[in-house]
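Asks: Join these two chains into a complex; the hints should help.
These protein sequence lines are chains P and Z, in that order.
Numbered continuously in numbering that gives the first Met the number 0, the first sequence closes out at residue 505.
Numbered continuously in numbering that gives the first Met the number 0, the second sequence closes out at residue 254.
Bear in mind the hints are in silico, worked out from the structure with no lab data behind them.
One or more of the hints may lead you astray.
Okay, the calculated bits of chain Z under chain P, using three or more residues with CB under 8 Å as the criterion [unchecked claim]:
#1 1-9
#2 157-171
#3 200-213
Simulated coverage check for chain Z against chain P, where a stretch passes if three residues somewhere in it have a Cβ under 8 Å from a Cβ of chain P [stated by the list, open to error]:
#4 45-54
#5 67-74
#6 135-141
#7 227-237
Each residue gets a CB set at the ideal place from its N, CA and C atoms; glycine is no exception.
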Amino acid sequence: MAGVSLAELHNGFSLPSSEVPRCGWDELCTEICTHIGSGARLAALAGRPVNDRLEVLVVLVRPEHGTLALGRAEVGARFASLTPACPAAHMFERELAEQWGVVPDGHPWLKPVRFHRSYRPGHDAWSRAVDDSILPCVTDFFRVDGEEVHEVAVGPVHAGVIEPGHFRFQCHGEHVLHLEIALGYQHRGVERALLAADPRRAIHLAETLAGDSTVAHTTAHCVALEALGAGQAPPRAEAIRAIALELERLANHVGDLGALAGDVGFLPTQSFCGRLRGDLLNLTALVCGNRFGRNLVRPGGVAFDLEPERASELGARLQEILQDVRGALELLFESSSVLVRFEGTGSVSSSLATELGLVGVAARASGLERDVRAELPVGMYRFAQVPVSTWHTGDVFARAWVRWLEVQRSAVLVSDLLAALPTGGLATRCPAPRGDRIAVAMVEGWRGEVCHLVQTDPGGRIATYKVVDPSFHNWMGLAMALRNQQISDFPLCNKSFNLSYCGHDL
Amino acid sequence: MIRAIRERWRQGYRTMPYPEQPPVLPDRVLGRPHLDPSRCPADCHACGEVCPTAAVTRNGGLALDLGRCLFCAACSRACPTGAIVWSGDWRMATRTRKATVVRGREIELAEALDTRLRRLLGRSFKIRQVSAGGCNACEADVNVLSTIGWDLGRFGIQLVASPRHADALLVTGPVPRNMQLALQKTYDATPAPKLVIAVGACAIAGGPFAGHEEITGGAAATLPVDLFIPGCPPHPATILDGLLRLLDRLPAATR
Ligand code: SF4
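Isolated chain Z (complex conformation) (with noise of 0.2 Å):
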């Protein structure tokens, strides 16, 4: 007992000041992207052709979907003239799948709940997960925001083990054919009002599956989506941001 108490103090408090201040990042964390359409040379389609699933296209102007895209960073590599380049801004979330395309430097970040909701909610928001198909990372990048890093509890957030518990469901992964059932069986067993929140390309729009037939694109084919978190997987910061942010939580500093 001894011992934890002093390994407890040396150890010290390991909470990080996120959401008070930003969270730092490492140099090489690839944020959200800013766009430049204006470089792009005519004709040029160098991003397309270099872009595992067809995030950025050029056609209609030069635009990336979040939502599809896997962060690696060939598009921009690719670009002759410096259009793509990453923000190192971790905010990324949206409340609808057409505001997760970047066609700039903004986005339309994801709005608070309604009050009526947020008032229903109080200060508590129970989460349940649903990995489905999911490689485990976005579930190992969810799971350490219970950590005392992040320390969710503080946010009256909580991942909670029944649906039935649940405010939301927070789905990760392609959602293969092999677990719709069960997906939606879980969103059913979830008492209403219940939101969902999909978090990753995967959940968003088949991630590198997209086009498997053996899944079904994400959770959007489905269950209604509320909450888009794209990231592959999407940096803690990033999730994180998206439930304050639709709970209406973020102080200025970091809105």
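Same shape as in the complex, but just chain P (with noise of 0.2 Å):
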């Protein structure tokens, strides 16, 4: 049992509503500090209005055990802020403040995470009135005083190509003294088109979630509607998934260590990777006909198979590109001058990930075992077991390494699935959703892990759905790697944690 007030449920598996205890929400709240200070982190924290109140469902991940716990609670106007007790908390109660109206009491910054509208009209955490017109970004940013401190304001639109958001800088000279990002401008309305949703509309929502990370937030879409309606995709699917799946990782963590080796003026790797990046993208389009994977994962399966002749062309041009990653990569790493700008910049000690609730990439480059695959695994990587790729140092050497690390691991899993693809179909017909049911699933990505919790309202339609990017835990990771830092290095410490901004602001 997972404590008397929270409920066990299995990764990619749902569980009657009913079964998942309700308590109150300190006792609640004492429960998540309690698991969390014996290794478990925070998933996902969800609102869902019940009458005049808002219940507050919490998904929590037990490493230890191999599986989520989830709690609930009901709150009113008013409630005890988490966040004092559990930083991990912050974000999340931020945007129960944002999308429900309600206040977190003692949640040390409350202020607006995407920059809408509350769900709940006459309920707002800001007591504005419904005609106050909400501008992104216009808010309360903290400040540092003194004679010499001054402030750099970034964004939303930057100098490359690359999304908008808004930084913050408080500097005294090069010197960064607290990064603040506020982000918001991408905000579609995902959330609440995935209620209402079109069924024909809703997998292409779920594809351009953080559309470099089309596989990842597909596949944890359709597992999550396979365990709400008891369906199963085949084994070949599931195989297809997690190729899918890891080329959709070895495509970023190359592109990523180009744009690295880029930001520190080291061109050959640069000019390498970028291409190579192309290369890796173009097996997906081989796979599909899209460079992103979209049009691939189905709720019951896949939609393309991977024949014999496929999938050995495939492998062979897997090996050549890992050949040339390979040189421009031992390139990078051997350069002293590269390095020398790596080492020791943006560092994120593992107590500070630990405290954050970093995931992904990020978590594992400060040293934590964080990896759904090995963790929670659910589809092919119940049998596919993935070593976790750590490094220690928390800084951007070490984001670097652990995407080198999984580079290779990547590829070496998908040359294993492809020697011994499982027979059998392609998709099964997934069944409607069953009402009154709760699905979780969380799937890796390449930057970390994406959690979907879907609930189900007695006639099986969708009453709650909460997508959590990784990106979402790991933006004040970043912030907080600023802190002591160049104002110079910022675009390298940036990229090195390359996080995604339609991911965070659906």
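Replies: Here is the structure:
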């Protein structure tokens, strides 16, 4: 059992909502803190209006048990903030406040997350009137006072081909005392649309939650729907999903490593990797016709097969690419002028990473063994074990090095999967969701864990659809990594995290 | 240094022969669809019923709006008579919104800028990319054009860091309300004459977010658009084709 007030659930499964115990908010907070103290982490907090109160559902990852733990409590217009005791909850509580107009009392920095109106008209955490205009990032910012302190504001439109966001630095000369990141420019209303979703649209919304993580998000979406409908993708489909997920990881990691090389002016690796990333995306296009894995993952399975010739072409081209990737990256990691820029830059200690609840590459680069492929395996990962790649220094070097380790391991995994593709069908019919159930699907995308939490009403319609992109956990990690750095190192630090704006803004 | 040179030697010359030769695309890539309305059975609306973005209709004759299309192929799979087939043709850029609607095999592809403007631009074309709600797929396939594989620089085209340096804005994403003002300000900061290029289904018509109150429905709701490049996301070859078409730089082989 997961404790008196929590229910246990396996990743990729569902349970009747009634089996998730209800308790008081304070009791739930105590339970959350106890679990986090013993190695669990916060995966999601989601709100759902019940009469004029709000039901808050929590999902914890409990790695030592290989399970998830779910609990819930009702809150009124105000409740005691969990964040002071559990800093990893800070963004989730801001999100609850913005979406549902509730106030977590004692939250240290209660600001909007995405700058939209509350989903419950008449409830607003900042007492704004319904006709007050809400402008993105027009809000309080933390300020450092002092005669020689100055503020640098960057964005929303940046210098590169990159999504919009606003960064505010408090600097003393070149020295960054504090960075505050304000997002919301990319808010497209995806979660709200997923509730009402036209079934024809839902999968496309999942595909574009974060376009560079199409396979991760669509897989989580489909696994959640399959869990609600008691459907099951056939083994061959699960293998193809895993191959596509690892190709997505390979392309993005290689691209990021090239961009990191570019940020320190190491042009050979930058230009090699820029091309190689494209070649890796072309492998995904070989599978499904789209470089980002659109149209591949569908509820019940996958839409495209890997026939023997296609599989062997894929394998052969991957080997070729990998040889060039190795050449490009050995050059990078053996170059002292690169290492001197990577090492010690933008460090996040493992205790800070734990406190902030970082996930994915950023967590593993701070020495935390967090990878749901190993911790909560679903689909093909139940059979194909992936070693968790970590490094302990928490700096730009570590975030680069972990990517390189993962590139090597993903390539081995893809080859293994290609060599032993299960036989059988590509998809089964995914039955309609059953009523009054909760499903959680977590998939380790290339940035980190993607979490889709879906709850149905008695009629089987979707009542809650919560998406947690790894970026939602990790943006604060970037802000902290910049403390006491040179402002000129911001691009390098930013790229080493390479977080998603649209995945955060939804 | 020696190692870097050796590795450069080993990796070799990697810029692809496009546009001298057509791009090599994997067999499953969906290019521009060819429509054959004569095959439509009376009263069949199978395509329109499955389309996620109402891009394909039969009201007033079979028509598929590439501007809204997500290239999911649900319509062609639903079609009982094969009236919609995917050609693998990467060329899809148009100068007007109306021209993105396919009714048969051909569409009116984008024409070059007038000679006065082309002379003004000379041999250089500077683009400022603005992501406004883009999911990072269109952005990635614009970015890839700067890599050695596509080598955008050989055409005198460059992605620049400031709107002040730009001849054109290249907009991706459905332009969320939260991003509208920033997009407008970026446009205002760009010196005239200036062009606007809408890349991807989102920037043309809102994409999968069409109808959401959080978005404005694409670039044209805020700015005058001069070039529409359909796709979700468009293949890099489709984007480059559009740019080269505008500048009249395509050789006969790929025009
Ligand atoms: S391919 Fe385009 S037109 Fe056809 S169903 Fe999909 S979105 Fe609609």
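Asks: Look at each hint and say if it fits the structure.
Replies: Here's how the hints hold up against the structure:
{"no.": "1", "hint": "1-9", "result": "holds (count 5)"}
{"no.": "2", "hint": "157-171", "result": "holds (count 4)"}
{"no.": "3", "hint": "200-213", "result": "holds (count 7)"}
{"no.": "4", "hint": "45-54", "result": "holds (count 4)"}
{"no.": "5", "hint": "67-74", "result": "holds (count 5)"}
{"no.": "6", "hint": "135-141", "result": "holds (count 7)"}
{"no.": "7", "hint": "227-237", "result": "holds (count 4)"}
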